[in-house]
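Could you put together the complete structure from these sequences and hints?
Chains as they are written, first to last, in the numbering used here: chain A, 1 to 117; chain B, 1 to 248.
You may find that some hints are simply not true.
What the simulated footprint calls covered on chain B by chain A, stretch by stretch (three residues with Cβ under 8 Å from a Cβ of chain A suffice, anywhere in the stretch; the number is not a length) [as the list claims (entries may be wrong)]: (1) 24-33; (2) 82-96; (3) 122-135; (4) 143-154; (5) 182-189.
Just so you know, the hints here were simulated from the structure itself, not pulled from any lab data.
Where is the CB? At the ideal position from N, CA and C, for every residue including glycine.
These are the residues of each chain, in order.
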Amino acid sequence: MSATPDVDYSRITLLETIRRQGKEWDTLAPRYGVTNPNPPWKTSLVGMCDCLATGGSLPALDRRKAEDELGNAVYSEVPAPERELLALVHTMLSRGLVTEGELAARMRTVRSRLEVV
Amino acid sequence: MSTGHTHDDHDHDHGHEHPAAPMVDEITDYEILEIAVRELAIEHGLFTAEDHRRFTEWAESVGPINGSRLVAKAWTDPAFKALVLEDGVKACKEGLGLDWAEPTGFGTPSDYTNFVVLENTPTLHHIIVCTLCSCYPRPILGMSPEWYRTTNYRRRLVRWPREVLAEFGLIVPPEVEIRVEDSNQKCRFMVLPVRPEGTENWTEEQLTAIVTRDCMIGVALPRPGRTADVHPIHKARRPVESSQRAAE
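Shown next as structure tokens:
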């Protein structure tokens, strides 16, 4: 199978930092006694994928092909919902839809916003 | 007028406490990442917040219960069964109030409004797959299970259907023909299983409970007492090859 156009399979520092933390739902949920099979952001991720396809910036078939290949080549040890998220963001970064710098900055902003007591 | 209520306006006595459901008491970077990339996508004009809300609400609303109801109704109503087999989209709308055109008026970008229900018989068994990606009848079955998306299932099912079904615990006798239906960008499929023995005089509600998601994919058969799908996920021994593998 050939590689998907516009997807760079090199590891991305920001995403590797997240992956190495090992905070996937299937390990986190049991720790807190939570029985939901999916993390709270799962359906939002589904909605985002549908939006990107509808708008034409990332067609569903391109996204799924990249997800398959990134899932095997880069994120094979990451469980499903997190692997889908990492593959989607990886693909968006590769296509220049967002940049790693602005994403890192926005993550800091979002975290500080959510942690306000 | 709102039909909802809050705990403050309860006027009846439950006679019991409401223990809070356990929650994950930390915010992971995965959660932050999903929010951050979505906000940037909206700011960059890739989609709107309203679009996202609409698609997410739709994703929350779909699930295999609709398929279970469709099957149970088809088992008990011959005229409805005929409609199901003739026009799956129309049957969903008339029998369940489920509109494949939601949430946009023309479906979603991943759910084309052409839906075919495949009828099993005592001598014919159907299974659905998407060898290309993971096409799945989301409006009626909800989100696909993880194993359905794996290359292991997608590649091996079309080559060795009996063996793959056996891994799900379903042994199909040799005299029963197996047909694997490959979903595609133009059409979605679902299996109408054979109504099992021992369910005579059952209500639609009782029947609905035994028609699990896997029965409608074709990797399980409905039977009295079986109301849940449980099975392992197998990884491919030889994963997809890429010419641009990342260096370790």
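Each hint, compared with the structure:
Coverage of a stretch by a chain is defined here by at least three residues with a beta carbon nearer than 8 Å to that chain's beta carbons; for the segment 24-33 of chain B and chain A the count is 10, and the condition holds. Residue count for the segment 82-96 of chain B with a Cβ under 8 Å from a Cβ of chain A: 0. That is fewer than the three needed, and the coverage hint is violated. Coverage of the segment 122-135 of chain B by chain A holds [criterion: at least 3 residues with CB-CB distance below 8 Å; count 3]. Counting residues of the segment 143-154 of chain B whose C-beta lies closer than 8 Å to any C-beta of chain A gives 4; at least three are required, and the coverage claim holds.
Here's how the segment 182-189 of chain B fares: 1 of its residues keep a CB closer than 8 Å to some CB of chain A, so the rule of at least three is not met and the hint is violated.
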